[in-house]
Amino acid sequence: MKYVNNILMVVTLLFVAGLTGCTTDAPADLPKASLNGVTINKYVAVGNSLAAGYQSSGLYKSAQKYSYPKLIADQLTAAGAGVGTFEQPYWSDPGNPDPKTGKAARYVIISLADPSNPVIGPKGETPTATSPENAATLARPYDNLGLPGAPLAGFMDTVGTYQGGFGAAIIRGAGGLPKSQFRAVKALQPQLVTFWLGNNDVLGYATTGGTSPAAPTPLATFTFLYNQALDTLKKSVANVKIIVGTIPNVTTIPFFTTIGPKVGAKLAAAGGLALYYQKKGESGVASGTTKFTNPSGDPLICLTGSPYAGLIGTATGKFYKDNGFPALPAGIDTTKPFGVHPQNPWPNALTLDSAEIAIAGQAVSDFNNAIKTVAAAQGAAVVDFNAIFTDINANGKLISGVKYTSAYITGGLFSLDGVHPTNRGAGVLANEIIKVMNAKFGTNVTSVDVSSLPALEIPLGKYMTSDKMLPYIAPHSWDSFLKLWQN
Amino acid sequence: MKYLFTVLLVLTVSTAVFAGGFQLNEHGARAMAQGGAWAARAYDGSAIFFNPAGLGFQKQGSVYLGTTIIMPKSTFYGPTNLGQATKNEMVAQTFTPINIYATYPITENLHVGIGVNNPYGLGTEWPSNWSGRYITQKVDLTSFYFSPTVAYKVNDQLSLGVGFNYVTGDVSLSRIVSPGDAKVALDLSGTGTGFNAGAIFKVTPELSFGASYRSSVKIDASGSAKFTPTSALFPEGDASASLELPATAFVGVAYKVMENFELEADYQYVGWSSYKELAIKFKKDNSTSVSPKNYENVYILRIGGEYTMDALQIRFGYLFDKNPVTDHYSEPLLPDADRNGINIGLGYKINEALHVDVSYLFLKFADRAVTNTEVQFDGTYQATANLFGINFGYNF
Chain A
1 MKYVNNILMV VTLLFVAGLT GCTTDAPADL PKASLNGVTI NKYVAVGNSL AAGYQSSGLY
61 KSAQKYSYPK LIADQLTAAG AGVGTFEQPY WSDPGNPDPK TGKAARYVII SLADPSNPVI
121 GPKGETPTAT SPENAATLAR PYDNLGLPGA PLAGFMDTVG TYQGGFGAAI IRGAGGLPKS
181 QFRAVKALQP QLVTFWLGNN DVLGYATTGG TSPAAPTPLA TFTFLYNQAL DTLKKSVANV
241 KIIVGTIPNV TTIPFFTTIG PKVGAKLAAA GGLALYYQKK GESGVASGTT KFTNPSGDPL
301 ICLTGSPYAG LIGTATGKFY KDNGFPALPA GIDTTKPFGV HPQNPWPNAL TLDSAEIAIA
361 GQAVSDFNNA IKTVAAAQGA AVVDFNAIFT DINANGKLIS GVKYTSAYIT GGLFSLDGVH
421 PTNRGAGVLA NEIIKVMNAK FGTNVTSVDV SSLPALEIPL GKYMTSDKML PYIAPHSWDS
481 FLKLWQN
Chain B
1 MKYLFTVLLV LTVSTAVFAG GFQLNEHGAR AMAQGGAWAA RAYDGSAIFF NPAGLGFQKQ
61 GSVYLGTTII MPKSTFYGPT NLGQATKNEM VAQTFTPINI YATYPITENL HVGIGVNNPY
121 GLGTEWPSNW SGRYITQKVD LTSFYFSPTV AYKVNDQLSL GVGFNYVTGD VSLSRIVSPG
181 DAKVALDLSG TGTGFNAGAI FKVTPELSFG ASYRSSVKID ASGSAKFTPT SALFPEGDAS
241 ASLELPATAF VGVAYKVMEN FELEADYQYV GWSSYKELAI KFKKDNSTSV SPKNYENVYI
301 LRIGGEYTMD ALQIRFGYLF DKNPVTDHYS EPLLPDADRN GINIGLGYKI NEALHVDVSY
361 LFLKFADRAV TNTEVQFDGT YQATANLFGI NFGYNF
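Residue numbers (this note's numbering), protein chains in the order written: chain A, 1 to 487; chain B, 1 to 396.
Just chain A, with the same shape it has in the complex (with noise of 0.2 Å):
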């Protein structure tokens, strides 16, 4: 027994020090942040309502904490920049006000009774501010520069024409500060920029179906306008790095793909008929009839157009009440069948026909070119979201065991107003963002893990079927989102 003893006594000691003596060291190669002896002690993000967080409709608090330039600043400092405390024009939720209703512009999924048909619009929610929370206090610009609805015409724009409908309430320069984006980042003297404007020079022709404004944005405007931000900002900020954007084409966002095949299957299912619509320019009887047979069509149909897909084949002139014509176009007879009689046709604020959609994609591409090129002339890094977004449109995007695509809702990238990210859209265009610092200047900063942060809310309880579901939105919950570009 002498033996067993021994040998149950061993048998123990190496037990227990398997169970307590195998702590294992963390794994080398581990991704380690760090800006590889880059300085970066100021980051400014110069952009529209892309970069202020807005989101389904609504400048708010708890989208703009995840905009995509406070998502940037969080890993800068993560990689140890000193850029401190990221100051952004927080609107405390619910957010900014609708000009017409004062009450908050964002939108919630209002209702779900038929899952088929989310309601989704704003819900009537009280504002709580009408100014960012700290505007008052804080004695110099925002890091966050995002002016929803500026044109990159807006980066210069010292009287407040073109930027955007929060202008004021950002830039402050009635307040004593610097009267424009450029001169913010001028007296800001970041080190790195991130830069990306341009979209609304051809959005906000594309969401009102190529109507308000009427055309994009001139490319010999563009182009001497994105060498002169470029230019000046060189010159004015000492050593700064600057990583710009391309414009992702309008046929790549759900404001655009949601609508169109919903209707083309409600057609489709009404035996082919045909949709009369409206070609551009056009406003009176409808001229051409097409099907819609392709998800990706021409037209294509905004989501501005959900409140009356369902009306198509019913007598209705809702439309024009809506919009408060004060008589109705020549030759409109609001008496036959909505969408599927050439005298009552599918209104051209609502689409995007073939001519449309190849001046907005033919600005997208001359835009695109013209960054590319200023972009390599000026040394600054560019971010291919064109690419990107076409990209995720095909394919969509894994991460982390989901797959986000640029579905409506379902996709998880766009919010509730079909044009703006959630904040993991914002995640992913950070982690773009970053890819090319990394690349271009050097640094070592580590991506946003995109699922921790918060989700797109939706109820539950009462899902809608992707596959049929017909949002409705109501007409004037647009106007706020609209007014972004109306300058």
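Simulated from the structure, these hints should not be mistaken for lab results.
Backbone N, C-alpha and C fix where the C-beta goes; we use that ideal spot for every residue, glycine too.
Please note that a few of the clues may not be correct.
[Unchecked claim] Not everything, but these chain B residues come out facing chain A in the computed CB check (under 10 Å):
| id | residue |
| --- | --- |
| 1 | 80 |
| 2 | 130 |
| 3 | 132 |
| 4 | 229 |
| 5 | 274 |
| 6 | 380 |
Given chain A, work out where chain B should sit, using these hints.
Below, chain B without anything else, positioned relative to chain A:
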């Protein structure tokens, strides 16, 4: 879009339900203490698992039963594809697969037996809010093999054995789905059948060879998918899947170095390449979701020995277990990697009829850094496991 959710649901959900990490080869403390190198001897009731021919050379009837206490520990550093090096520790769990064998010699040459054990089992659970929650939160698997077995001793050199396997399997998986962040719990169970066979040939009283084969078992599992909260969008309700447990084979050689000292070396083959994909059918929308697995055939090398001193036996062993999951298909549902195992153990004969075996196995998984994974969740996995086995034997 129609099947997006369905596809997302199972894209990863059941990936590794029956993977290498869930295959258990500890089915008797005496064999386990010797690195599982047992197919050329199979002296006890666990022959029903390792090599049914072993029963043919046994002199007495027996009851042999025990359990293995398994305490795995796993850590994931990542996701590195997002530049993260966050340390995520798997929730600690203890598993206790059982093994029960009863054997009886009808004649000197003809032996019968029955075994109940859990050749596939275990589970993983990660913290509920970790960033891999869309891939997996928790998985549990249990299987029971009921194996009536017959062995026939042809002569003093050769014994043959064959067994039938009736198999029950239960799987539960849960994770979070996006969009909506609902939790899905998939519970499936089913049964299947298979067989096993083996031979032991004693070239000399000192040298013996053993070989055994266990067929694959196809389990037609059915059950339900439950979403919390639910939604018209989700394929809630009846679900089914067909799962194939791979075939496995042992080839071993044992040698009596001294009258009281034996050594054995085994090669075990596991035919995981049969696991090419997993298809889950959802009754609600009659959809099938197929996710590719493309596992590889693997092997396990086992060596071990036993030294007898009167009533006491001292055992030791080593094993190398090659994992079947390629880097591309690695995921936190089953953090697998090549494993090295060190075994020790003791046997003690309390009296002529009664004996007890204890064993200990320490498994070290190689650190495994994976990139460009199917689920876009890259990182480095570290794992170890402590296994403690105990069996009681009664001969009659």
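Query raised in the report: Quick check: which numbered hints come out false for this structure?
Result: The structure conflicts with hint 5 only, although it agrees with all the remaining ones.
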